[in-house]
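Required output: the full structure, derived from the provided sequences and hints.
As they're listed, the protein sequences go chains A and B. Taken in order, the first sequence gives residues 144 to 257; the numbers are from this note's numbering. Taken in order, the second sequence gives residues 130 to 245; the numbers are from this note's numbering.
Simulated from the structure, these hints should not be mistaken for laboratory data. The structure presented is a predicted model; accordingly, all values stated were derived computationally and were not measured. A virtual CB, placed ideally from N, CA and C, is assigned to each residue, including glycine. It is possible that part of the hints are untrue.
Cross-link-like lysine-lysine pairs, in silico, BS3-like; alpha carbons within 27 Å at most [unchecked claim]: (1) Lys143/B x Lys186/B; (2) Lys148/A x Lys211/A; (3) Lys211/A x Lys173/B; (4) Lys249/A x Lys197/A; (5) Lys249/A x Lys211/A; (6) Lys173/B x Lys249/A; (7) Lys186/B x Lys173/B; (8) Lys214/A x Lys143/B; (9) Lys199/A x Lys211/A; (10) Lys148/A x Lys214/A; (11) Lys211/A x Lys197/A; (12) Lys148/A x Lys249/A; (13) Lys138/B x Lys186/B; (14) Lys173/B x Lys214/A; (15) Lys214/A x Lys197/A; (16) Lys148/A x Lys186/B; (17) Lys199/A x Lys148/A; (18) Lys249/A x Lys214/A; (19) Lys148/A x Lys173/B; (20) Lys186/B x Lys249/A; (21) Lys173/B x Lys138/B.
To give a feel for the contact side, a few chain A residues facing chain B, derived at Cβ under 10 Å [stated by the list, open to error]: (22) Gln149; (23) Pro152; (24) Tyr175; (25) Tyr179; (26) Pro222; (27) Gly226; (28) Gly250; (29) Pro257.
For reference, the chains in residue letters:
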Amino acid sequence: DQQVKQNSPSLSVQEGRISILNCDYTNSMFDYFLWYKKYPAEGPTFLISISSIKDKNEDGRFTVFLNKSAKHLSLHIVPSQPGDSAVYFCAASDSGGGADGLTFGKGTHLIIQP
Amino acid sequence: NAGVTQTPKFRILKIGQSMTLQCTQDMNHNYMYWYRQDPGMGLKLIYYSVGAGITDKGEVPNGYNVSRSTTEDFPLRLELAAPSQTSVYFCASSYAGTETSGNTIYFGEGSWLTVV
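What follows is the structure, given as C-alpha cells:
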C-alpha cells in the first residue's frame, strides 16, 4: 500500500505561470517532508523540505505547503521556467533521525511549455 | 565537491552472474542508503547503514548484500543476478536528522543495470 501518493503522473504548465505539484500521505507518523527534482540519467537532487511543525517553507521560486489535517502537501513553483522541466518526487520520513530512509511517491513529470 | 560517487554508470549482466556496485561519499555522513528505481515507480529502499559496521534491510533487500567497513564506502553486491534486478540503482547518504530538521538525503548519479 502506497504511503506517499502523487496522483498526477504528468503536468504541463506554460512558462511564466505557476506550477502546483501535489502529494498525499497516509502515515500519520510522517513528520518531515521533502521534494526532489530529477533530470533524465541523473540522480535526484534535493529541492526543498518542511518539518511537520511548520505549514509553509519558502526558498526563492519554490514554496512547499503542508496541511497536516488533510495529510497533503504541495509544491508551488513561481514563475515556472524551462529548466524546471523534470520529474518531481515527494518523500517523507517518520522520525527526526530517519535512519530507515525516506518513503517516496512515484513522481510527477512536470513539462514547462514555451 | 564530489558528494556521493557510484560506479559503474552502466552495466549489462548475464543471469546468474554476480557484481558489486561501488559507492563512496566524502561528506562524512553517518547514514548511507541504496535505493532502486523501476520505470514509472518511486525509489524503493534496498539496504541502509547508520554507521560503519552496521547495516539493515530496507523494503526490497532480497538478492542483495551490503557491507559498511568505513564511513565513506557502502558497496552493494548482487548475487546470482536475475532479470527482476534490472533497474536503476542510487546510492545516497545523509546526516542523522533532528525532530525539526529531519535528514536530507543526497543521491549519487545512478547506476543503470540490465540483466539478460
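Could you check the structure against the hints above and give me the numbers of any it violates, in ascending order? 8, 26, 27, 29
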